[in-house]
Amino acid sequence: MKATLENRTSNNQPAREEFVAPEVNIFETCDGYVLEAEMPGVGKDGLEISVEGSEITLVGRRAVETANGQAIFRERQQASYRRVFELDPAIDTGKISAKIQQGVLTLTLPKSERVKPRKITVD
Amino acid sequence: MKLTRWQRPELSIWPGFGRLTNLRDEIDRLFEEPLAELARTSRLLSGWTPALDLHEDKDHITVKVELPGMKREDIEVSLHDGALSISGERRNEQKFEDAQVYRAERFFGRFQRIIALPAPVAADKIKAQYKEGVLTITLPKAEEAKSKQIDVQVS
Chain A
1 MKATLENRTS NNQPAREEFV APEVNIFETC DGYVLEAEMP GVGKDGLEIS
51 VEGSEITLVG RRAVETANGQ AIFRERQQAS YRRVFELDPA IDTGKISAKI
101 QQGVLTLTLP KSERVKPRKI TVD
Chain B
1001 MKLTRWQRPE LSIWPGFGRL TNLRDEIDRL FEEPLAELAR TSRLLSGWTP
1051 ALDLHEDKDH ITVKVELPGM KREDIEVSLH DGALSISGER RNEQKFEDAQ
1101 VYRAERFFGR FQRIIALPAP VAADKIKAQY KEGVLTITLP KAEEAKSKQI
1151 DVQVS
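Protein chains in written order, with our numbering: chain A, 1 to 123; chain B, 1001 to 1155.
None of these hints come from the bench; they were simulated from the model.
There may be inaccurate statements among the hints.
To be verified - Not everything, but these chain B residues come out facing chain A in the computed CB check (under 8 angstroms):
hint	residue
1	A1051
2	H1060
3	P1068
4	G1069
5	Q1100
6	V1101
7	A1104
8	G1133
Note that the Cβ used here is the ideal one computed from N, Cα and C, for glycine as well.
Let the sequences and hints guide you as you build the complete structure.
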């Protein structure tokens, strides 16, 4: 899956940035959701995660690589990663956390306290 | 033929959001899917084929393989008769056993890639580095494989 977005550069020339969708796993536990996205070649500095309304956008840009000589095989994509998800309203957007380790982004999306199941003690 | 269970990319739907992804997926499928479909079919038949780049310059061969989320000890690199083999296993850490799975697109299991190197290399000087999910293998060419400039003597 590929998507393109128009992105204006400083001299106001429209430049197109190419994107590919990273493969993801999504789990739900009683505390919240966990999303893992595969973004090989992306470091902490290349990540851009934004929440707007009920949508979360994940963008990962690869660190610039210097090519060493002539390419014999070239299978790796050069495009950046981008994928948008709609958030469950139960998620507390202020508590979303992210980390990236060896090209796998892990997002932790906790549910807000009011929707978590809880026991009420009887006096 | 090795049979690997196919992990269906859309087992179930992220709640409240299915419509949006699916619509986008469908639109993208119209334009892009022949290639992506091919990639999925090859995964069905052969498991995981990590993307690989090979560059060659005067003194080195550089191989880069995308292996996100691996442990260093699960990656094996070996050289045999001028063929470079990169293999290993990505284990599914069952961190969320009681969890409900909404999407399972990532592949877990064994993989292997074998490539014929374009020139003989100095086997004892091969270096491999794993960073940001990309394995970079630097293979210095063997002395006899390096091109040499020969001075022409004028007499």
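*Just pull the numbers of the violated hints for me, sorted ascending.*
none
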